[in-house]
Every structure is written in C-alpha cells, then in structure tokens.
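Protein chains: 2
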Amino acid sequence: MIQQELLEIGKRAKQAARQLAYASTESKNKALLAMAEALLENEQEILQANTIDVKAAEHKGIKKSLINRLRLTSEGITNISNALKEVIVLRDPVGEGEVWTRPNGLRIQQTRVPLGVVAMIYEARPNVTVDAAALCLKSGNSVILRGGSEALESNKVLAKVIAQAAEESGLPKGCIQLITETNRDWVQQLMRMNNFVDVIIPRGGAGLIQTVVQNATVPVIETGTGMCHAFVDRDADYEKAIAIIINGKTQNPGVCNALETLLVDEPIAEDFLPRIGEVLKKHQVVIKGCPRTCEILPFALPAEEDDWISEHLDLILSVKVVPNLDAALDHIYQYSTKHSETIITENYSKAQRFLKEVDAAAAYVNASTRFTDGGRFGFGAEIGISTQKLHARGPMGLKELTTIKYIVYGDGQIVT
Amino acid sequence: MIQQELLEIGKRAKQAARQLAYASTESKNKALLAMAEALLENEQEILQANTIDVKAAEHKGIKKSLINRLRLTSEGITNISNALKEVIVLRDPVGEGEVWTRPNGLRIQQTRVPLGVVAMIYEARPNVTVDAAALCLKSGNSVILRGGSEALESNKVLAKVIAQAAEESGLPKGCIQLITETNRDWVQQLMRMNNFVDVIIPRGGAGLIQTVVQNATVPVIETGTGMCHAFVDRDADYEKAIAIIINGKTQNPGVCNALETLLVDEPIAEDFLPRIGEVLKKHQVVIKGCPRTCEILPFALPAEEDDWISEHLDLILSVKVVPNLDAALDHIYQYSTKHSETIITENYSKAQRFLKEVDAAAAYVNASTRFTDGGRFGFGAEIGISTQKLHARGPMGLKELTTIKYIVYGDGQIVT
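Read top to bottom, the protein sequences are chains A and B. Per my numbering: the first sequence = residues 201 to 616. Per my numbering: the second sequence = residues 201 to 616.
Hints are computed from structural coordinates only; laboratory data are not their basis. Bear in mind the structure is a predicted one, so any value in this text is a computation, not a measurement. Among the clues, some could well be false.
Note: identical chains are not told apart, hence a pair may lie in one copy or across any two.
[What the hints assert, rightly or not] Here are the simulated lysine-lysine pairs, BS3-like style, with alpha carbons at most 30 angstroms apart: (1) K599 / K556; (2) K440 / K356; (3) K482 / K255; (4) K211 / K264; (5) K214 / K556.
Make the full structure from the sequences, and use the hints.
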C-alpha cells in the first residue's frame, strides 16, 4: 500500500513530466536562471534553516567530516547558484538523434527524449538537492527528491525556493518536489512506485545503495561505491607512480574515485615500497599491508580481509604485494566495485592488457583514478557516477538522464 | 540461499564472460558458423526431442496456437540455422567508440564492451534458445538460458548442440548454459544473483515479465507487452487507415506490435466505422466497442474495462469513439504500455503533436505498428523489444547487449 500523500507526489510528478517532455530548451534555461537568482535572494532563509540542521547534528554528536558536508555558507550558496548557471550552458540532449530511411520509404528517426520522473535518494549534502533538480529539469525530467534527514531543514527551504522559481518562470507545477517525511517506510514505497517513477538514482554510502538495489522494483542506476586500485608494475616510472598514488589517496580521500588499494609488483616491492611508504607517512596515510608489505615496511599495520573489500574513504591505504600482472588482475577482478582502476607502467603490452581485461567504468594507464568525474571527463555537471552496466556507466551527465523514442514517418506503409 | 548447482552455473558463466569480453569478432563468427552447421547435422536428435515436447503438450491439452509455436520441423531447423548465419554478418559493436583529449593531455576513449552475463527467461518457442545464444555470443556475452518447461526436451538438445559447437570452435566453456531444472524457485534465485548475472531479459507474456520486474534485484530489461493503439483522425485518408488497421490487427495477431485498440475521431465515426467494420468482419475480427461504437455497428460486442487494458493477442479489436485528438492522447496516456502507437491523418500539425506527445518506444504517423521490429527497423536480428526507458527502448539488437567502458591514456596526470 502506498501512502496517499506519496501517491499525490507521484501523480503530480508524472503530470509535470508529461508537459516537461516537450518544454523548449529556452523555457528550461529561463527557469534555471530564475532558480539561480532565487537562491541568492533567499540566502538568509537558507542559512537560517541550515543552522538548525548543523546544530541538531552537533547535538547528536555526528562526526565532523559529515557536519562539514552539511554546512552551508554565504559563499557555498553562491557556488550552488553558479553551478546552476553552468547547467544553462550545457547542450540540451532532448530532440537530438539520427534518422534513416527504409527501402519501403518509412523514415525512422531515433530521438532523445526525457526519462520522465527521476527519483533521487541521497544523503547529507544539501547542494545535491539543487544540482540534481537542475540536471533533471534541463533534461526535461521532473524530479522527486529525498535527501538525508540531517539536512531536512536546509533541503526544505532549498527545494521550496527553486521549485517556486521554476514554476513562476512557467514550468509545470510539480516539476521539483521534496519528500519531507523522514519515515523510512516512505522510501520503501517510493522504490516500488513503477507507475509513477521511471528511474531511481541513489547517491550516498554503500548501505543506502544496497538498500535501494535490493528493494526497488523501479529501475535503478547504481552509483558511487568505488573500491579503486592502482597496480605499480615492475616497469613503472616511480616518479609517476608516487604522484598518482599520493594524488589518488590524499587529494580528497572521502570520495568514490579516491584510491583504496595499492598493488605492488613483487620484483620491485623491496625497492619501491620504502619510497612510497615514506611519502605516504609524510601525508599521514596509514598503511594496512599484506604480510609481505609489513615485512618490508615495519610501520605498516596488518591488513584484514575487510580492508580489501570496503572503501576506507579516509587517509588509510591497503597495500598488497602481488607476484605479477596476472595476480593483480585477479585481485582486482575479485575485489573491484567496477568503478576506476589504474596501472602504472612504461610497458606497452602490459598497459594494453590491463586496459582490456579490467572490468570497470574507467580503466587508466599512468593517471590518477580521481579523474573519473563528469567535469574532468568534459561532460559538465554530473548526477552521479554509475557503477552498473545497464543504461549508463561512469560519470552521468544530461544525456544519461534521457532515453530514446523512435518517431516513424509513413505514407500508408503496411507489413507484408 | 542459492542452490549450489545454480551457483556453479553462475560461476562458469562469469568465468566464460571474462574471456569472451575480448574474444575477436573472427573467433566469435567462427563459433556461430559451427553452431549453425551443428544444428543441421543434429536435426534428427532435435526433432526427436521436439516430438516428446509436442506429445506431452498435446496430452496436457495445451491450446493449438501454443503447440504450433513449440513444434519444430526440418524446415524450421534450417530456418533457425540460417537465422544464426545472419548474425555472423552483423557488425560487432564491441570495441567501437569515440575518443577525445582533455586539455591536460589525458586521452579518453569511450569504448563498447559486452555486458558480461546475460540471463534470458522465456516461454514456449525453442528457436529463442538459439537466437538469444547467438546474439549474446556475437556481442561477447555469456548467456544463461531458462526456457519454458513445455519446450524442455527440445531446448536441452538445442543448447547441448550449440554449446558444444561453440566450445569446440574455441570459445570458453560455459559461454552457453541452459537451466534444465524446472523448479520455479531456481528462477527466483537466478533473478537475485547480482554477483553473477549482469542483466536479465524476460521474454514472454505479461505474467512472466511482471514476475521478473517485481522480484529481480539484477537489472532487468522489460520486453514485449504491447497494448498498441491506432487513432483515426477526422483528416485521415480512409484508404490508408483501413490498410493500416487491417494490417495491424490481422497480419499476425499474436505478437506484441499487433494492434489492440482503435480510436476513432467523433466527427467521422458514423461515416468511417461502418466501412472499417465491414472489412474487419470479412477478416473474422470481433469488435469490442464503446457504447457509441455499438450504436453505429450493431454487430459489435460491448467492451469491458479490461478490453482497454489487456492485449487480446487474437482476432479481437477494441474500438472507441473519442471526441478529438486530445481525448485520444489521454486514452493512450492512460492505457498504453509504451510500445507502439500510430495516428492516421493528413493534417501536419496533428501528426506532429501526436509524435511529440505520445510516450512510447515507437510513435508512427500513417504506418502500421507492426513495423516495430529489429529486422524491419534495419538493425538485423533482435533479442526483444524493450518497453522500458532505461538502457534500451524499442527493438534491441547487438548494440543494446553492450555497455561502455572508459579507457584513459595518461602520462602521469594527477588531479589538482
């Protein structure tokens, strides 16, 4: 049974989607600009609501890194507003496509159209409320947002401000809706509203994503969990290797494209490990090593099975010495979440083999896994990074928020 | 808990997929040719097994149209073998893609790669066993087949013959596997084997498809249910309208792109309905009409709510008189399964509005819905017709059995 109020949200979203599907790029851009301006105009109200969330989180003793993600500042709101303006300049994929003519004269046009209703389920960061709404709207979708309860007050104001601006600028009522009920049962129901929701995108920790994957009947795009590996081959350039490992682990350890496991080729382990070990130590990175690593690096802690499986999302790096490329590929095959993997080598054939055999959204040679990102790939803003194979893989931009429709022009053709 | 034997099938499929992912087009084509030849060589054994299935079905009193789908003949096996040879000439999408270079010199290559392990769950027709295996193999996927229990003996021999031919020609063991256990519990388990199966494609009746959508945690591509509509506008060319309606309803009423509901514009109802009514009667089509239709056509039976919702898949057509295009669009919006819809009109603006506003895999003007088909769209063989929006929509060919992978060539780049 679906809650009446949730059903109403679904109906409104579907109704709005029906109109949004053929809204012009011009009218969508006008709405995005109005939303960006409305955020700046309502800065005070947003900051007040955010203060309530932050105080409640501090009171609950939530850890500092999470509170930092939750906190908004005047500058932060300007950034959110600017990010929204950047969506305006992105090319609208709706209506793009190809056309061909069949021997019987039938003209078939494969055209990009919006998905319809997108439901986003996410955790603490309130900027996702605005980012997601902007990308969904620009691609002609209506959006149902369900953010983390820690950010509820902030999200309420943000969603109210942008939805109002979008509607006042002419987009249909219900194009942006926030679920304000924090009862988890509502999320369970939302995941099964196949008649109203076309796709669910969960964004957050592995727990949230697994809950959605396990329980949704609405199609899901799995995002985010990144158990990323770097393999330093015996033919690696040490300088590149050290730069890439330090960048992968320390530049922003809390994100999904950060490095979690380092695999080192046995023949260079005794030479390379002490060098990288020193630099990691300087960067306050804790090493969880395999027995061979602990033998070579006395300051390494022994790794447990879970260190190979779960993201640290912190200044901790799992390190394993492997006999060769085959063993590295086997380790990655076993533990990878299919997000991003990199090999550091100067050997052409081994680089090509790694790129070919690694099964991941992004396979790198001699570059940091931190590049797996919509902006860094050149797509503009992203709604998430897909780690599944269906529909979208890797950074998802506007195109991934659309589907296709075949438009067929005939003059009386029948099948014979 | 997953059955040990099913787990073994999953492991073998995954292992095979790891190798198949980079099998050359040449080696895959060689296997397909061997499979096509093996079918002809083993014709007697296949026919014998099929006779067992057909006799059992007759004994059970299964209806004739189903038995006809089940029955194989010598000519039928030649057709299946020829269809397999046609897959050889289709272009292999694996390895195709685009490449671009980022300002920092990073070269990003978006490349098509196989999905991995595809599970097909389907009903009576044994040719699906071979068609599905051929398309999955050509696109580099291993396949787990689970056909209808009525075709079990036929499928056992077909799967054995083609799997053996594929393996003998050099493809990895486990690339084609059939589940021979008929216990439905196994299907339930298969749908939740996320670690071993990358996508499930159900092909068959609405009941089967809904069971999979409701229970699978593995990503699903929904296929097939087609509640297709034709709207005859007041500005229609009657001749085209009659040809398209008769073709849609009678050319092959048992398939998903057959016409199920005819909507007629009120101003022409009194003039047009008797004309189409006569032709439908000649073709033995039973009309289930709305009250207005029954008023005009005395031989029409009154339609019930279910006639607007469910496919007849038979020589039955639901007919409704609607006041105008808006009402037709509303009816379609409410009852469509988003498969194929057509408008018959000579009016430019109404045609364009229909094409734009109808939410379906294929929207037609002045052509039969029966064209929604991989072959007729020019894609070659199809693995099904997707009625969902994620990943694939409409006829699915080889490309839809692949995903993408980003291959990134660096020379030491790090994120700043």
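> Quick one: K214 to K556, C-alpha cut-off 30 angstroms, is that within a copy, between copies, both, or neither?
Replying inline: Intra 42 angstroms, inter 16 angstroms, cutoff 30 angstroms: inter-copy only.
>> Cα distance capped at 30 angstroms. Does K211 pair with K264 within a copy, between copies, both, or neither?
In response: Answer is neither; intra-copy 39 angstroms and inter-copy 43 angstroms both fail.
> With identical chains treated as interchangeable, where does the CA-CA distance between K440 and K356 reach 30 angstroms or less: within a copy, between copies, both, or neither?
Replying inline: Neither: 46 angstroms inside a chain and 54 angstroms across chains, both beyond 30 angstroms.
> Taking 30 angstroms as the upper bound on the Cα-Cα distance, should K482 and K255 be classified as within, between, both, or neither?
Replying inline: neither (35 angstroms within a copy, 77 angstroms between copies)
> Are the CA atoms of K599 and K556 at most 30 angstroms apart within a copy, between copies, both, or neither?
Replying inline: Classified as both; 26 angstroms inside a copy, 19 angstroms across copies.
Hints 2, 3, 4, counting from the list given before, are not met by this structure.
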